[in-house]
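Visitor: Protein chains in written order, with this note's numbering: chain A, 1 to 285; chain B, 1 to 285.
Think of the hints as simulated: they come from the structure by calculation, not from any bench.
Be aware that a few hints might be false.
[Unchecked claim] Result set (DMTMM-like, lysine to aspartate or glutamate): computed pairs, CA atoms no more than 20 Å apart in a straight line: (1) A:K84 / B:E11; (2) A:K126 / B:D99; (3) B:K106 / B:E11; (4) B:K159 / A:E51; (5) B:K84 / A:D91.
Number of protein chains: 2
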Amino acid sequence: MVITELFVDGEPAGSVPASDRGLLYGHGLFETMRLWRGELPLLDLHLARLESGARALSIACDLRALKLQLNCLLPKLPAEGLLKLVLTAGDGLRGYRYDSASSESKARCLIQYFALDHGSSEVRLKLCEYRLPDNPRLAGIKHLNRLDQVMAAAELPPKSDGLLLDQTGNVIEALSSNLFILYQGQWLTPSLQKSGVAGVMRQLLMDRVMPAVDLTPLCQDIELGMLQGAEEIFICNAVRGISSVTEIRGLAQTLFSTAGTPSSESTQTALIQAELGKQYPCFGE
Amino acid sequence: MVITELFVDGEPAGSVPASDRGLLYGHGLFETMRLWRGELPLLDLHLARLESGARALSIACDLRALKLQLNCLLPKLPAEGLLKLVLTAGDGLRGYRYDSASSESKARCLIQYFALDHGSSEVRLKLCEYRLPDNPRLAGIKHLNRLDQVMAAAELPPKSDGLLLDQTGNVIEALSSNLFILYQGQWLTPSLQKSGVAGVMRQLLMDRVMPAVDLTPLCQDIELGMLQGAEEIFICNAVRGISSVTEIRGLAQTLFSTAGTPSSESTQTALIQAELGKQYPCFGE
Numbered sequence: 001m002v003i004t005e006l007f008v009d010g011e012p013a014g015s016v017p018a019s020d021r022g023l024l025y026g027h028g029l030f031e032t033m034r035l036w037r038g039e040l041p042l043l044d045l046h047l048a049r050l051e052s053g054a055r056a057l058s059i060a061c062d063l064r065a066l067k068l069q070l071n072c073l074l075p076k077l078p079a080e081g082l083l084k085l086v087l088t089a090g091d092g093l094r095g096y097r098y099d100s101a102s103s104e105s106k107a108r109c110l111i112q113y114f115a116l117d118h119g120s121s122e123v124r125l126k127l128c129e130y131r132l133p134d135n136p137r138l139a140g141i142k143h144l145n146r147l148d149q150v151m152a153a154a155e156l157p158p159k160s161d162g163l164l165l166d167q168t169g170n171v172i173e174a175l176s177s178n179l180f181i182l183y184q185g186q187w188l189t190p191s192l193q194k195s196g197v198a199g200v201m202r203q204l205l206m207d208r209v210m211p212a213v214d215l216t217p218l219c220q221d222i223e224l225g226m227l228q229g230a231e232e233i234f235i236c237n238a239v240r241g242i243s244s245v246t247e248i249r250g251l252a253q254t255l256f257s258t259a260g261t262p263s264s265e266s267t268q269t270a271l272i273q274a275e276l277g278k279q280y281p282c283f284g285e
Numbered sequence: 001m002v003i004t005e006l007f008v009d010g011e012p013a014g015s016v017p018a019s020d021r022g023l024l025y026g027h028g029l030f031e032t033m034r035l036w037r038g039e040l041p042l043l044d045l046h047l048a049r050l051e052s053g054a055r056a057l058s059i060a061c062d063l064r065a066l067k068l069q070l071n072c073l074l075p076k077l078p079a080e081g082l083l084k085l086v087l088t089a090g091d092g093l094r095g096y097r098y099d100s101a102s103s104e105s106k107a108r109c110l111i112q113y114f115a116l117d118h119g120s121s122e123v124r125l126k127l128c129e130y131r132l133p134d135n136p137r138l139a140g141i142k143h144l145n146r147l148d149q150v151m152a153a154a155e156l157p158p159k160s161d162g163l164l165l166d167q168t169g170n171v172i173e174a175l176s177s178n179l180f181i182l183y184q185g186q187w188l189t190p191s192l193q194k195s196g197v198a199g200v201m202r203q204l205l206m207d208r209v210m211p212a213v214d215l216t217p218l219c220q221d222i223e224l225g226m227l228q229g230a231e232e233i234f235i236c237n238a239v240r241g242i243s244s245v246t247e248i249r250g251l252a253q254t255l256f257s258t259a260g261t262p263s264s265e266s267t268q269t270a271l272i273q274a275e276l277g278k279q280y281p282c283f284g285e
């Protein structure tokens with residue numbers, strides 16, 4: 001099977017005009033979606049987030065047209081892997097101003113297929129010195145301004161994931177995953193009011209998966225020091241599902257470790273993972 | 001004369017690969033340079049800033065090659081206008097990690113010509129509700145993550161420029177210009193330690209122009225309230241030079257106005273402007 005890996009507005013293509021506002025300003029959004037048995041199990045959640053981000057960035061987003069495009073593309077692609085969808089504000093003249101009502105302001109959609117690299121279900125995190133900026137207006141949005149992640153990734157050894165704090169030192173997220181901690185018997189996940197990306201898997205776990213096993217996670221500020229008292233920690237995203245965190249290394253000391261604790265099968269993380277796999281079999285394999 | 005407006009790595013081109021990290025993450029930098037009588041009078045300052053930004057973002061930047069490219073292009077372009085140079089981290093695989101030492105990590109250079117739209121030498125600013133995030137590591141760098149400016153520009157009426165504050169409410173800059181205020185007889189310009197872009201014209205004024213007329217501007221925090229006590233305010237950038245600010249409108253009130261003050265010819269701004277034009281005639285016309 002010949003795979004044309006990249007599609008721009010539904011057509012096979014390898015490039016975008018240099019006038020694209022995604023390139024010039026990062027004026028755009030992206031979604032990274034798990035492809036499983038020729039389908040996108042979390043598509044509705046991804047499109048809902050995309051629509052909400054597009055509204056915040058004044059990008060005209062035609063969800064029906066996007067769905068049609070995806071439906072046409074899926075049969076041409078392998079059945080397993082992931083799709084990255086990038087929606088930019090389209091072409092612009094020079095300057096930051098953007099008239100989303102203008103006929104020239106047509107959003108551009110890039111869809112690219114990638115094979116899935118099967119990682120481990122356990123992960124070690126390293127605390128990044130680079131800290132996320134506070135930006136209440138853009139917090140939560142999966143936009144194309146990703147220098148924060150680029151700067152943080154530059155600190156990490158190969159195969160290691162990073163733990164990112166905000167300017168005041170609160171825990172926010174991993175490099176491309178959200179984080180949950182079990183602390184004094186209560187599941188917590190960082191409030192993303194000022195920074196971070198509100199992941200689709202995070203939403204799914206809070207709304208559908210954890211309640212199904214009688215767990216009610218709370219969104220709140222999580223200070224770095226709380227990690228040392230955590231009973232369990234996991235990270236999650238829409239490609240890999242849930243990964244248990246076995247260790248978090250700080251700048252001078254280990255902040256969290258599961259070494260010496262009982263087998264991972266009896267943890268609450270395993271229970272949540274099992275429920276996720278029951279509701280969404282692609283994350284149970 | 002036929003003008004090919006856009007050059008990618010020195011060749012006429014209209015597009016960039018969709019794998020460009022400038023598009024995917026905003027992993028890149030830009031410079032907007034005044035073109036005057038077929039030359040770029042501030043080229044050395046632009047290249048110095050580009051090199052320093054490239055170091056911060058781990059982008060390999062070959063200044064000699066860039067200069068060669070520019071020298072080859074200039075004869076093909078009109079003598080007057082502006083050049084926008086975009087330097088991206090080049091192509092990347094999926095993921096934030098970037099190996100600048102890898103042979104695949106070759107920076108990509110886009111150069112685009114634009115005609116100059118002659119604006120007024122006076123400008124009115126509107127205070128933007130959108131606030132710049134605090135980000136000490138990226139502050140000052142003219143990188144491609146420009147959603148802040150896109151969000152702020154969306155608040156502005158046509159032809160109006162915006163005044164941007166940081167998260168704590170200090171004055172930082174205009175939409176694409178730096179700002180100087182004369183306050184209690186002393187010229188001040190905002191410290192850009194936590195946000196903002198450190199403009200080439202700002203540097204030039206501080207280092208060479210203002211000292212030549214015995215003025216020594218100070219970089220410091222400028223609270224919004226100080227604008228009401230300001231004697232003069234101007235903004236500046238490397239395309240337009242200096243523009244006097246005649247009014248700043250806040251959300252509920254006028255924060256600054258020159259209405260009723262003496263003729264603009266007798267101001268210190270006019271003196272600085274005259275000295276700039278003497279040293280760099282392109283900004284004296």
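Visitor: All the hints need checking, so say for each whether the structure fits it.
Guide: Structure-based check of all given hints:
no.	hint	verdict
1	A:K84 / B:E11	violated (30 Å)
2	A:K126 / B:D99	holds (19 Å)
3	B:K106 / B:E11	holds (16 Å)
4	B:K159 / A:E51	violated (30 Å)
5	B:K84 / A:D91	holds (16 Å)
Going down the numbered hints, you'll see the structure goes against 1, 4, while the others check out.
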